[in-house]
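Take the given structure of chain A and dock chains B, C, D and E to it, following the hints.
Chains as they are written, first to last, in my numbering: chain A, 1 to 315; chain B, 1001 to 1456; chain C, 2001 to 2456; chain D, 3001 to 3317; chain E, 4001 to 4303.
Keep in mind that the hints are not guaranteed to be accurate.
[Stated by the list, open to error] Straight-line Cα separation of at most 27 angstroms, DSS-like style, residue types lysine-lysine; simulated pairs:
#	chain 1	residue 1	chain 2	residue 2
1	D	K3102	D	K3303
2	D	K3102	A	K73
3	A	K305	B	K1209
Simulated from the structure, these hints should not be mistaken for lab results.
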Amino acid sequence: MKNNFMNHLFKKLRHGTISVSLITVTCLFINKEAISQAEKDSAKLSATMTVSYKASNGSRSIKVNLKRKVEKKFIAVDNLKTPVSLYFKSVKEHNPADGTGLVGKLYLGKDGEGVFEIPDDINKLISGLHKYTFIAKFDADPIYEDAEEEISIADSKITLSYLGEDSIKTATATLYEWKDSAYVPVAGAELKLGIKRTFSIFPIGESGAVTDSSGKVSADLPLDMPGTFDRKITIVAKIDEHESFGNVEVSKEVPWSVLPEPIPEIGRALWATGDNAPYVLVFSSLSIIAVIWGTIFYLISLLIKIRKIGRDKSS
Amino acid sequence: MEEPKKITNEAEAIQMLRQYNDDLLPRKFGIVGNTWTALLIIIFLTGVYCYTNQLRYGLSITGMRDFVFWGIYISNFVFFVAISLVGSLVTAVLYLLNIPWRAPLSRISEVIAVAAVIFAGLIIIVDMGRPERIVNMFLHGRIQSPIVWDVMVVTTYMTLSILLLYFPLLPGIAFCRDNLKGIPKWQKWMYNILSLGWKYSPEQYHIVKKAITILSVMIIPVALCIHTVTSWLFASTYRPGWDSTNFGAYFVSGAFVVGAGGVIAGMAVLRKFYPSYKTYLTDLHFDRMGKLLVLLTVVYAYFSINEYLIPAYKMKGEEAEHLHELFTGYYAPLFWSVQFFGMVLPIIVLLFKKGRKPIPMFIMAVLVVVGAWFKRYLIVIPTMSYLPIQEIPEAWKHYAPTFQEWAITLGSLAGALLIITFFVRFFPIISVWEVAEERGVSHETIYKHLNEGNEK
Amino acid sequence: MKNETTAVDSVLMNKYEAMHDELLRPIQKTGLAGKIWIGFLFCVFFAGVFAFYTQETKSKYETISLNNYTMWGIYISNFVFFVALSLVGALMSAVLKLTNFEWYRPLSRIAEVIAVAAIMFAGVGIIVAMGHPERLYFLLTHGRLQSPIIWDIVVIITYFVATSLFLFIPLIPGISQLSNHLKDKPKWQMWMYKKLSLSWRGTPEQWKIVKRCITILAILIIPLGISIHTVTAWLFASTLRAEWNSTNFGAYFIAGAFLLGVAAVIVGTFFFRKYYRFEKYLTDSYFDKMGKMLVFLSGVYFYFNINEYLVPAFKMDSMHSQYLLDEFTGKDAILFWLVFLFGIFVPAILPLFKSMLKPWPLTVIAILVVIAAWFKRYIIVIPGLSHPYLPIQNVPHSWTHYVPSLIECMVVAGIFAAALLFITLFSKFFPIISVWEVAEGDGVSLEKINLLSKKA
Amino acid sequence: MSQKTEENNEKKTREDNSRRDFLKLGVFAAGLTVAGAGLQKAFSEEKETGEKVKVLTTEGKVVEVDTAHIKKAEVCCVSPKESREGIPNKKWVMVIDLSRCKHALKCQHSCQKYHHLSGMNVWLKVFKMQESENTAPYWMPKPCMHCDRPPCVKVCPVSATYKRSDGIVLVDNERCVGCRFCMAACPYSTRSFNWEEPELLSETTGETYSPERGFPQKRGTVEKCDFCPDLLRQGKLPHCVAACPNGVFYMGDMTEDTVTNGDETLRFSQLMKDKSGYRLNDILGTHPSVYYLPPVNRLFPFKEPVAENSDKEKKAE
Amino acid sequence: MEDEQKNRRNFLKFGFLAAGLTAAGVALNKVASGDEGAEEKVKVLTADGRLAEVAKSKVESSESLSAASKHVRQGIPGRKFIMVIDLTRCKNARKCLEGCQKMHNFLPPVEWLKVKEMQDSELSGKYWFPQLCYQCDNPPCCKVCPVGATFKRSDGIVGIDNERCIGCKFCMAACPYSSRSFNYGNPKQVEYSKNHPLKSCHTMDPNMVGTVSKCDFCPDFGSKGILPACVRSCPNGVIFYGDENEDVVSNGEQVLRLKDLLVNNGGYRQFEVFGTKPRVYYLPPVNRLFPFKPDPVEHNQEE
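Looking at chain A on its own, in the form it has when it is part of the complex (with noise of 0.2 angstroms):
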């Protein structure tokens, strides 16, 4: 039912657009020689690609960012052609050739970097694996030469717990790891606690924490940090970049009782908008304009009267 429905959608926009297509590709055609005289004159240049991986809160992500050298620096690359193709490994019918496999296909951004967002019915197929590889590829890009980066993450958790009765409050963080169909807990692993702001995150306890024996890491929160106008906070549990978790970050919500200092309001103020001038002014000016026009239409009346006069004198 739902596959007719959207091919028959795809039918009708093909027929819908088949010249406007021609043009375009026309236009990618006269690009393509262009670019490609370039190509003679110089190689293709090489990127170097790096490939991370994060999971939010279960939902996972795949950074891909792409790089050049330049003058033995490395700058970001803004002018890849072709969009960059991701590829879940796992998938039997994974063939990179014809496109089986593909995860999403996403153009870079001009920082050269791009995410992509496993969606959820994704994510969900592949939880269970707890192994999972990703690759993200890319060709037939006019300027650049092909490049393929792999990345595997092994499968780890973080639970988090906040004891927040005393007027110490702490949270804490536990790391596991998928070991033989079973989480446990990982030891001496650098787990960072935090306070989740808008633009980051405010770390909490000594940093460079890592992992008792038990998985654990804790830290008191700051008693005078503002929380939200509906008293909560979010405490931010996270590892960085580990070598085979990637990066985790599991984050919750909990009950707070220091409100932020309020948002001072506008009011009616001189520099507020035209709607909110002060009274006093409001008043004040409307009187004087009043007082003065009004004369001026008596004026202007009286200036009707001359003529009323002048006809009745003439009639």
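Chains B, C, D and E alone, transformed into the frame defined by chain A:
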């Protein structure tokens, strides 16, 4: 130089009124007048052309850039607002003070005021980056902004000035309608419409008198407001040189000076090209206006001293830089010439009786007016260059108006003069009935005479 | 025609003869009420002298409540008040005279004597405020031309001399009359009259000289009056303090001074009229005119107040906001708004009603204006001092709130009493209305006036 | 003509935020049932390129999709009306650590680039400052201060510039009448004016205008630093903060009391206490939202730049 | 305590005439300064408390006993005194103030040197701020003085001649830093001054009733290369003092290059915007040595 004698004898009065009317009816321009008008039209049209360029290419055709972002348009605007105050000065203040010699001057000053205030409004639109959005002023006007206050008072003042010009003009228009022969149809039609069916009836006359009194009382505070608010456009900022509580009074007093100068210049020109006006614009008028100009200039000097000496005594940070530039720096030549020619010299010359003759008066008046224009330049422009200016091209630091900017500004000045010129061409520039009234002619006699003219 | 004028003359002559007699009455004898009044003033004055003696001999910590932050207290604000009051001489006798407002004549001497008393005790008031009054002569030996205080001293002395002359010269004919006609007076008094009359015989040469002196003084005294108050304003405006950092101060002070002066003359006129029974000469019509003047001057003063307060209030920078907010809504608000109400709004609005232009109501208004004017100076000088740029810390609590001490109040009251005493005693020795000036105003010739004084 | 449109289209496709692309693709891949009407509307405006990709579905099936559909919808663009309200429950604050600035000008370049600023208009300036003869010269980056009592907003006659609840002062260049009073009123000279028709960079043509982004610019209107509210809405740091190599800029939300320069996250109040934060010309009572940390123990010795502005000057001439 | 005071007193006495002029008072001082008794011997009290006899001409200050003399008005030749106050080190110990009060013989609540609690804006950190006369190079106080009682000297110091001061207090109104005091004549103070035998050549000691006084940068020490009282009394080395011409300042322990100190630590002057050009620089309170603690005591509550 005695004041003209009062006339009580009716026959004499009628005789005099006849003479007045013959003398004062508008007439066709001679070659000089036509050349002058043509010249003004050319300058004005050049300005208009340059303005269309500005509309096309934006304000980039001007010499203004960030940092010095208000240029001669704004200083010209301030100048126009200043000169427009003369209407309220001569017409209203002198009227209310019962100064006996003011009647022949009132219409000259009022037409200058109207022309100036119209072009003040226009030039501020010229200065806008987005003139088509002037409508936003009404859609989204913020009462907190001094610009909105300025828009309100300029409109109000314009209306009041036009009314103050129009009310006393009614009998004059009617008289033209009835007595001008051999004029084109459209002109006749214009007089017909504008005279509002004026029948020289006492009721109408009474209404006019009443309206003039109301207007005279009302126009003074509005005139003070218009210039005070204009000064607040500057004084409400933090910039050195503008951050002054004195600005209101300083601007108003300066405005009276330039206004009086404008009227004197107008009087001298009219007297020169209409020899018959000598009877009305007598040496007495020049003498009195000369004294008035001295008084006004002295008052202006007082405010100028307060304006410059108090900060100069303190020589505070950025203000010191500003004052040094004015007193001894880049702007010093202009500054001292303006002070000398626009203030000191007129005071000295006009203190002497010989200085209060038409020709020296005319020269002094022109000096005052030109000095006043540059004074506004000095108020507006130098102040804008005292914040750390870096990372910008050298050319941006020193403002110099471009040719097109000058053309537009001169065009606006020509436009204002054009209004005055056309007015002189089509309407009596001296109010017959007011002059007669001043000479003690009773209202009844005036009606009688006017009716007689009507019958003719 | 000629008969007619002689008839008018004789009526006038009779009038002035009667006036002479009546004017001599208060000089001839003093009633009980007058004696009590003079005695009372003497008591207050001596109390003030005693208070000053105490202040100078005892520690100033105990006697006055000035401190390192509020270093200028009511002595200075009172000084400003007196300087303001002294401007009335320039206004009433000179400005009105030069602008041909003839009705000033009977009031000129009242105004002049108020001016002399005020400027005299302004000088005394400033000595009282000094830490080392005995070092006053240092101003001569070590004077620095750069200091506004020196400017102030110079203009105060000049103005004092000029006003005294302005009081004395028109008085000469009057004194000669007194020495001719007064009877039963102690020898010294007669001797004084004789000496002071400078052998006045009323010859045309003498008259000519007197007239010329008066004209020169009338012209001289205006710039002097303006400078004395402007320089006094600059004492404040030349500092870096936010609350006084205003280029508007000169004009603002002068406008206030004129308003205060007119109010003071109204009060003086009222009491002289009432207690010397001069209703015939100081008629209701003077109150009518003075009331209108109050309205006009309050309007002018209002204009400068607007500039003074609204321009910084629009910006509300941290330097100004502290004291502005204190004045608008904070701890000084009640005083501030009361002063505004009685010092500006009441005199601007109430005299617009005809019924308020009668002597009684107008005097009440004028007294309110005078009191408000005193507190206005208090507001200008004192509240701002408790908001310096750097915070006030670690000082006794009393240093942050200035409340004048008893000694200070007594000294100020003493100064007031002395000024009033001067005015009262003057009126007990000299005619308070200048007969010849009034007569001259009515068109009586000088020979007649001479005749008059001889005849009587 | 149509070819050009195609090119633009193509370019746009590449420029667009890839995350959105992917999301959309994901939607397709999952074969989610989306309301037909909405989809149709979305698709009817798009053109196919003919290039196909295959995607894995949840059932493990492969579906073929046209690349043209791997394209996100319009960049989030807030309407002028919404942009007047401000991001709820936020109060932005910036801290500039003067001891770290070495005039690298990366902040300025990034700002210019991402706001598509052309010509001479610079939103973020880096000034050489020296308070008095004996004291040290230092570099001072100067964005708009986003004052809590903005003198520019006070004087605007038409509410074209306005103060939002989150502290940002914005300019709506569809409302601005170009009177330049705000420029006169601003004691920090942060505003610039579009004196001529701005050289619109091609990627901005056809973009919907929003006061939150400031482009495309319009001739005869005022513009200035806007704190990048479009990024703030997405929880991203403004361009200058992200671009600075030395961590000079800290950005944060006052209600959260933290600021970050991307590398480190600090308590705002603590930072103010420790480093003696101050505001520029605080005495004017404008209450800026930008705080400075004094140039004490500077990380880099002060060096005058070589040949400053030579190219710019040329351009202006 | 008493010993210490005595020592200081002795120290002060050094260089001054001890006996002859004690009783003579102001008038005599003037006379004394006039005559040139070149070889007249005078007794002076040395630092260690002994009396010594020296030729009058050898005593530097004897020529200039009257503050009105030209020498004092000109300043110490070749000097350009300068002060740097490091706000990171101040913890409101108030020892500078005590030292100053002892040295210059005045009693609270008069403070020539104030320690204020400052906060630059609502959210900025609080800090302690020692504030004294800034000896501005463009002094607004000197501008307004009607009799030249306060004057600018070549060594940078703004002096007051309290024998010339007429007590109009205009200089106090003109000073934007409120750093001047007026001697209203606290009875205790009057008594104290009366009993105080010495009259410094360069300073306004003892305070004279009805005149203005203020921090004077201790020029009589400066002329001998001794640091001012406040610098020496500060336990935390907050205040650095020196000669700008030598480009070196010292707080008693450290000796530092002036330019380096200012440049490295972001030195600034209070209210640069007034254009007064103070000779006192501050180093901003960044990374303060002592956490800010509000002062529990309100000082000088008694008059």
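Against the structure, the hints:
| no. | hint | verdict |
| --- | --- | --- |
| 1 | D/K3102 with D/K3303 | holds (8 angstroms) |
| 2 | D/K3102 with A/K73 | holds (20 angstroms) |
| 3 | A/K305 with B/K1209 | holds (14 angstroms) |
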